[in-house]
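Please build the complete structure, drawing on both the sequences and the hints.
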Amino acid sequence: MAKDDHRASPILEDDLHAFVDGALDDDRRGEVQDHLDHQPESAEWVERLRAQRQALRAAFSDVAGEPLPSRLNLRRLVEERRASTDRARGWKIAASIVLALGIGSAGGWLARGSSGEVAAGIASLSNEANASFATYAFDAARPVEIDGDHKAQLVSWVSTRLQRPVPLPDLQRSGYRLIGGRLVATEHGPAALFLYDDRQGTRLAVLMRPMTIQRDTPVMQRNDGPFGGWSWADKGLGCSVVGSGSRADLHPLADEIRSQAQSAL
Amino acid sequence: MKDLIQKIEPLIPAFRRYARALVRDVELADDLVQDCLERIVGRWSQRRDGDDTRQWAFAILHNLAIDAIRRRSRQGLHVALEDVDESDMAVPGRQEDRLRHQEILRALDALPQEQRSVVLLVSIEDMSYAEAAKSLGIPVGTVMSRLSRGRERLQRALDGELGARPSTKLPMPLRRMK
Chain A
0 MAKDDHRASP
10 ILEDDLHAFV
20 DGALDDDRRG
30 EVQDHLDHQP
40 ESAEWVERLR
50 AQRQALRAAF
60 SDVAGEPLPS
70 RLNLRRLVEE
80 RRASTDRARG
90 WKIAASIVLA
100 LGIGSAGGWL
110 ARGSSGEVAA
120 GIASLSNEAN
130 ASFATYAFDA
140 ARPVEIDGDH
150 KAQLVSWVST
160 RLQRPVPLPD
170 LQRSGYRLIG
180 GRLVATEHGP
190 AALFLYDDRQ
200 GTRLAVLMRP
210 MTIQRDTPVM
220 QRNDGPFGGW
230 SWADKGLGCS
240 VVGSGSRADL
250 HPLADEIRSQ
260 AQSAL
Chain B
0 MKDLIQKIEP
10 LIPAFRRYAR
20 ALVRDVELAD
30 DLVQDCLERI
40 VGRWSQRRDG
50 DDTRQWAFAI
60 LHNLAIDAIR
70 RRSRQGLHVA
80 LEDVDESDMA
90 VPGRQEDRLR
100 HQEILRALDA
110 LPQEQRSVVL
120 LVSIEDMSYA
130 EAAKSLGIPV
140 GTVMSRLSRG
150 RERLQRALDG
160 ELGARPSTKL
170 PMPLRRMK
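In order, the protein sequences belong to chains A and B. The numbering of the first sequence is numbering that gives the first Met the number 0, which starts it at 0 and goes up by one. The numbering of the second sequence is numbering that gives the first Met the number 0, which starts it at 0 and goes up by one.
Worth flagging that the hints you see were computed from the coordinates, not collected in a lab. You may find that some hints are simply not true.
[Stated by the list, open to error] Each computed EDC-like pair below joins lysine to aspartate or glutamate, with the alpha-carbon atoms no more than 16 Å apart:
no.	chain 1	residue 1	chain 2	residue 2
1	B	K1	A	D215
2	B	K133	B	D2
3	B	K1	A	E79
4	A	K234	A	D215
5	B	K6	B	D66
6	B	K133	B	E102
Given below as structure tokens:
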């Protein structure tokens, strides 16, 4: 489709596509039109191409007119980004103070929002999952207390401490291996933390604990820390999944964990 | 950041349309658009001056979508077309519109992803061949050959579906000279 001197060049299939897509300059369009006027077969082919193009556009024409869901609100995403950058900065400072002072029981304090207020309900749960993930998921020495080879022991321990059966999610089918788990401290009592990784080394954490409020809450996206995640509660058991992967990756995993837990509860 | 909102906000409906047409699942498509927007927000300052915003953004979205498609096919979660809720497909409309849409959607589903992306960007998003090439990170020649094969295949699927022209294979009047 060279622009210059195509006077002598024959009409190509590419020209017909470009004709339908309105991508030809005036001269070439005239030549193609001339060709079509003399070649009914080509003209018919172009018509069908045009109809196909129209049908495609029609099939998706209404999508662009739909109101945007609030999660695609760009202004809010920009705001959140600004806030989370600030928060991440706050976290780093918090973590360095904890390290410097050697305070071991920092979990509860870290779980506070940057505003200093203690979050409640699902927000608090998601906060705790973030803090626990940040603390344990990348610990080279001892990320878990009980490893994935001792599942029964792990489940029995956390179920005893949480005073209710804790359904350990099995994410093998989604490509995630159980590294193991541990108890973590929260302001709302002990919580079970399970860590997983996939073959690429992407890690994720599932945190579960009893809820006193918001005991039944659908899966919702939360941004209560530097790591994105999804949180919900069923029959008083709160669950939050956070990971280093993208949120789109985590969504199906959250659904999977929830359906497993629901059938166990 | 004001610049970002001015340039990106008007593109969001097109992102949704492309993502939905490519993965054919409303929720997953919006997940992808959300991830894409977050990446755009996060990487806005890393854009190079010469980059065209629309191509750059579509490239991000496309790569996310391809990852998701690969993951989905690996997990064997690809839904059979008959199981797809109609609301996932495209848009509700009058009965005859819906039927017509279903034909083209089914035909679209039969296309390999590489061809589908090109056909969608050119036919629906009105990208020039050069823009599509940049967004997909492939040469223009490859865009042309995928477009040609994709449209031919789409037409065959449509013809087969309609049963209107049982014997006529799409009469290709001319072959590309290469």
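To see whether the hints hold, each was checked on the structure:
At most 16 Å may separate the alpha-carbon atoms for a hinted pair to count; B/K1 and A/D215 exceed this at roughly 39 Å. Proximity of B/K133 to B/D2 is assessed by CA-CA distance (about 22 Å); at most 16 Å being required, the pair is judged violated. Taking the CA atoms of B/K1 and A/E79, the gap is near 15 Å; set against the 16 Å cutoff, the hint holds. The hinted pair formed by A/K234 and A/D215 meets the criterion: a straight-line CA distance of about 6 Å does not exceed 16 Å.
Taking the CA atoms of B/K6 and B/D66, the gap is near 25 Å; set against the 16 Å cutoff, the hint is violated. Simply put, B/K133 and B/E102 have alpha-carbon atoms about 30 Å apart, too far for the 16 Å limit, and the pair is violated.
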